[in-house]
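Chemist: For the protein sequence lines, the chains are A and B, in the order given.
Following our numbering, the numbering of the first sequence begins with 7 at its first residue and continues without gaps.
Following our numbering, the numbering of the second sequence begins with 617 at its first residue and continues without gaps.
Rather than coming from a laboratory, the hints here were simulated on the basis of the structure.
Hints should not be assumed to be uniformly reliable.
[Stated by the list, open to error] Covered, in the sense of this in silico footprint (three residues per stretch, anywhere, with C-beta under 8 Å from a C-beta of chain A), are these stretches of chain B:
#: 1; segment: 747-755
#: 2; segment: 988-1000
[Said to hold, decoys possible] Far from chain B by the CB rule (all over 12 Å, computed), these chain A residues:
#: 3; residue: P19
#: 4; residue: V29
#: 5; residue: A30
#: 6; residue: P75
#: 7; residue: P104
#: 8; residue: S108
#: 9; residue: L245
#: 10; residue: V251
#: 11; residue: L252
#: 12; residue: L263
Backbone N, C-alpha and C fix where the C-beta goes; we use that ideal spot for every residue, glycine too.
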Amino acid sequence: MISIEPVAAPGAPLARRNPVAKVAAALAFSFILLATLDPVAPAIAIALELALLPLFGIRYRVLARRALPLLLSAAGILVTLVLFAADRSGRVLLDAGPVLVSTGVLLTALGLVLRVFAVALPGVIVFATTDPTDLADALIQNAKAPARFAIGALAAFRLVPLLGQEWQMISMARRARGVDAGRNPVAKLRLFTSTAFALLVGAIRRGTRLAVAMDARGFDAGTPRTVARRQSFTRADALLIAGSVLLAGAALTTSVLLGTFRPLLS
Amino acid sequence: MRLTGGWIVRTTVNLMISRAGWSPGRKGVGVVGGVLLRGFGWRHAGRRAWALRGVDLRVEDGERVLLLGPSGAGKSTLLSALAGLLPEDSGEQEGTVEIDGLDPRKGRERVGIVFQDPETQLVMARSGDDVAFGLENRGVPTGEIWPRVDEALRRVGFPYPRDRNTAALSGGEQQRLALAGALALRPGLLLLDEPTANLDPAGADLVRQAVAGALDADTTLILVEHRVAEALPLVDRVVVLEPGGGVRADGPPEAVFAAHGAALAAQGVWVPGHPITPRPATAAAGDLLITAERLGLPPRLGPTDLAVRAGEALAVRGPNGAGKSTLALLLGGLLRPGTGRVTASAELAGPDHRTPPHRWRAPALARRIGSVFQDPEHQFVTGTVFDELALGPRRTGQTEAAVKDTVAALLERLRLARLAAANPYTLSGGEARRLSVATALATAPRLLICDEPTFGQDRRTWRELVDLFADLRDAGHGIVAVTHDADFVAALADRTVTLQRAPAGSR
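Here chain A stands alone, though its shape is the one from the complex:
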């Protein structure tokens, strides 16, 4: 099941901020941190992110569940680097035939994992605290995005959870018709492709019906649109963006002062 519901307490001081401000703050924070390859700056950034979490109204356990894919990919990075990294410098910790683990390898891997977390967590936090409707509203009202795009994407987004059910239905219908792949990998691939095609055809038909229904209610008919839900961009929202730039900058500065800074472009 694909979850699109926000999970935060809606009244939390930072969760209440304008969605566009939250997205901008997250983007700024992540971009600044991309500038370094060292493990120290991301470690500081993660500490800051986790410290601010209560202000977003997210509980740590909820975040852990949301960030599960992130944890898995981090583990993947760690294993891959430990096994295959070219840089084998530093003190050797484990020498088991082809597997040679050194402090240099571990440090590189650790840096990369921390970067993945530091850069991705702000996005996870924003989407955990933001209702998609509010985001679309704010994009239209505060970021001047075209309604055609923002509302269209929002409506399409609402159909996404249906795709999983649809896939299961098509697969079962095929089995009922006597179509299965057994253990043959080629047949499996062909069945997968044809099921995916049927899913796509169904999605397009459903999307067309939705578009006609939206059309019938005057969507994108050229009349200037009004808004039912007002989104305001206040001084607090500007402060959130400024604060995120400041904090990310502070993390970088600390890393520079400690002498661990390794610029991405050098």
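Starting from the known structure of chain A, arrange chain B on it as the hints suggest.
Modeler: Just chain B, lined up with the frame of chain A:
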């Protein structure tokens, strides 16, 4: 553009209309009000046949019209034209269509439309936002939006607060909400395109009540609905489209049905007072085919016991959400049971009777148990009707000559012969349903499981399905039909199992 046929004012009808209100606020001065079609025809781009042709029709303000016609008479196309949803470049037009003297494409704000499928007409995640969506599009000032949303929700009897998630509503409630979304725009003309076809009887009742209660006296209503008896209380005029062109009949319901009832019934219109002869079993049920013991799949279906014998038709009924479709999939060997078990008898499964059906290989399954899905399009795998029917027999190892014979017989039996080369996705609702049943029969399974086989079907296809299932049963097949359709149960079923809705909160 070309004008075909004369334009005849249906004086008799117009005199009958006592409610024909006149609202000066909505009409321009000196413009003819209401809906006016003159020799109207439409051909979708790329099609040889006209969807609709030679239609002359006048509907006054405040009239309530039921639009009837056999499958393929162009009812939905007519509604799309009135709603201004046929872009000029999407086909070819004949004659004219006007609403209050305007081309419907330019007079969009006068018309509201509600479609069949609740899932694809709600746009927003919260109920109130969805009603507000149309008002925003029309540029209604922010201060007026929410009072109008609340008024529309109240009119259709929407029982929840504005922030209710639209995905958590039942089908009937979703259609009520879609109706509120159309009414909030205060259309002079409301079009309803089979708004209850996808709903269980309780949901359909909800929607009909909402329509009856929500209309202003001067709102014009044009309704397309298969189930005429249920729709009649909402209308005061019936218009019957002739497939191939023109209007066959027009007038008050009693007059139209008295003059044309029998012919319409034969063509597939559900005319009240033309019952269909039931087909009870001609012999006692035979050997046991399949047994379900405490069969369930939490949270969709609670533990259920049932058995199906050869030569019997079992109906499975129950409200939406009781797990009927899940039960059909479990019996069909398509889902792994969560609790309990499905056991096929040696009569049905031969040497495989010790393995549960969901572990059989697909070709073995298709030879023994046929499943017909609620949505026929889920089942289509190939590019032509012929290949679609040939797929099962080929998969189960019949010779090509035998496949040809099987397919030819099925095409004939289900009136699909002229469509053998057509793409299954281009078929009408009735044709797609007949094809999906035929595909399940192609492998001659002993047990046939159907999910809502009569859903949205016209009377003719409906009767053919009853006869087909009855013939199969009398030839010793077992039939399980999951259905809301009480008439279908009365006409065919030998036994009924009723499922209860799973406890609230567990779904």
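Chemist: Hint by hint, which ones does the structure fall short of?
Modeler: none
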